[in-house]
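J.: Each protein sequence line maps, in turn, to chains U and P. Take 27 as the starting number for the first sequence in the working numbering and just add one per residue. Take 22 as the starting number for the second sequence in the working numbering and just add one per residue.
Bear in mind the hints are in silico, worked out from the structure with no lab data behind them. Please read these numbers as outputs of a predicted model, since none were measured by experiment. One or more hints might be untrue.
[What the hints assert, rightly or not] Computed from the model, here is a short list of chain P residues facing chain U with C-beta under 8 Å:
1. L58
2. Q100
3. D101
4. L127
5. I146
Backbone N, C-alpha and C define an ideal beta-carbon position, used for all residues, glycine too.
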Amino acid sequence: MAASSNDFNSWKEIGLDDCRAMLRKFRDDNERRSEEIVELYEECLDSKMHKLGNEKWIVYEQVCIAALDCARQDIAQKCIAALRHQFPDSSRVRKLIGMQHESLGSFEKAEKVYDSIQQTDESNSHVRKRRIAMLRALRKVPEAIVELNTYVKQFMSDYEAWLELCDLYISENDYTKAAYCIEELLLSNPHNHLYHQRYADIRYTQGGMENIELARAHYAQAVALNSNNVRAMYGLFLSASNVASAPKCAGQKKKRQH
Amino acid sequence: MLEIALSQVDAYCRSRNLAIAGYYQANENYKDHSPNLIACRIIEKISENIGSDALLLMVENDKLASNVENACFTAYTVQDGKAKKVEGEKVQVQGNGTAGQIASALLCAKEHWQLVDFDSHLDDISLDWTNAHISVKISNAV
Chain U
27 MAASSNDFNS WKEIGLDDCR AMLRKFRDDN ERRSEEIVEL YEECLDSKMH KLGNEKWIVY
87 EQVCIAALDC ARQDIAQKCI AALRHQFPDS SRVRKLIGMQ HESLGSFEKA EKVYDSIQQT
147 DESNSHVRKR RIAMLRALRK VPEAIVELNT YVKQFMSDYE AWLELCDLYI SENDYTKAAY
207 CIEELLLSNP HNHLYHQRYA DIRYTQGGME NIELARAHYA QAVALNSNNV RAMYGLFLSA
267 SNVASAPKCA GQKKKRQH
Chain P
22 MLEIALSQVD AYCRSRNLAI AGYYQANENY KDHSPNLIAC RIIEKISENI GSDALLLMVE
82 NDKLASNVEN ACFTAYTVQD GKAKKVEGEK VQVQGNGTAG QIASALLCAK EHWQLVDFDS
142 HLDDISLDWT NAHISVKISN AV
């Protein structure tokens, strides 16, 4: 998503309070604005971390992950050192160390760190997800799919995991199983317009009259739930046009579309 | 949405007497430069319209550092209906090295934050997917 140039130029003069508010907003909205977070840290926070009180630990974690995204190993190391000093036995900090190994390409070292975390806490879902992320980074997509399937059997309500599994199936062109993942999400979230639109996208891609009619229905539902969903509107237009122009379509069905 | 994007681009091209000449793709995996099934299908479809001049450019992510190299991609053309890689020496970027310099300058000025792809346009349709504002900056830099 494009940030306006105003955001960037003004950060050289940004005050500490505004800086904290921006970071809080990124955390609350779950936005991965890594380049901006690293800039904010360098321009404003680096010398003022001691003024943040107890918030500084969660900010260190946020800046560390952003630094790893931007390959800023210097900043990441600083954050990890500070967190390790404060929380020497924390598995959350050890997960960051594992992520640091991943960013340097040392996947075996990362695997060892995650193994040791899982030995102390079998139910830690973060570590299992990091393992799946590593498989994906190593382009071992079939293995990642197997691991993720095992994960969602245990953590069925993890919606992000289902979406990730759907993405993996799409990258393998297995649209039937990708559709199944979204069906699971639709069962528990029938009022989410994004899931209806996603399901319709997959059905439309699969093609064939039955799938396109299903796509049309779900695009229509997505537009009904959120009239600003442009993708759903385009999808509705395309699928309805497809159905209306199909030569073998029964006359009655055509009338229903109009 | 790919269908919509291609129809919009096609309509844009027809109104300006242009044609879709190629397709570029940057994979999300840093080290993966190979075209997937979709990229191959797209370039094969484009070559059905404009012939063997159609070009598929796969971006090499590791060459997109802040000092952009001139040819930071591998090129593929369509031969016998299938996408085939073009050998390194045959691929040259016009402009005597200025392309890389201009790209580096734009990256340093964080212009990539202003880049609007079709996906961003679908999130907010007021955004201009033709990126006319960036074309102006590139023309000024040349």
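J.: Please go over all the hints and tell whether each is borne out by the structure.
T.: Each hint tested on the structure:
Interface restraint check for L58(P): the shortest CB-CB distance to chain U comes to about 6 Å, inside 8 Å, so the restraint holds. Look at Q100(P): its Cβ only gets to about 24 Å from chain U, farther than 8 Å, so that hint breaks. With its C-beta approaching chain U no nearer than about 23 Å, D101(P) sits outside the 8 Å limit, and its interface hint is violated. For L127(P), the interface hint is violated, the least distance from its beta-carbon to any beta-carbon of chain U being 13 Å, above 8 Å.
A least Cβ separation of about 6 Å between I146(P) and chain U falls short of the 8 Å threshold, and the interface hint therefore holds.
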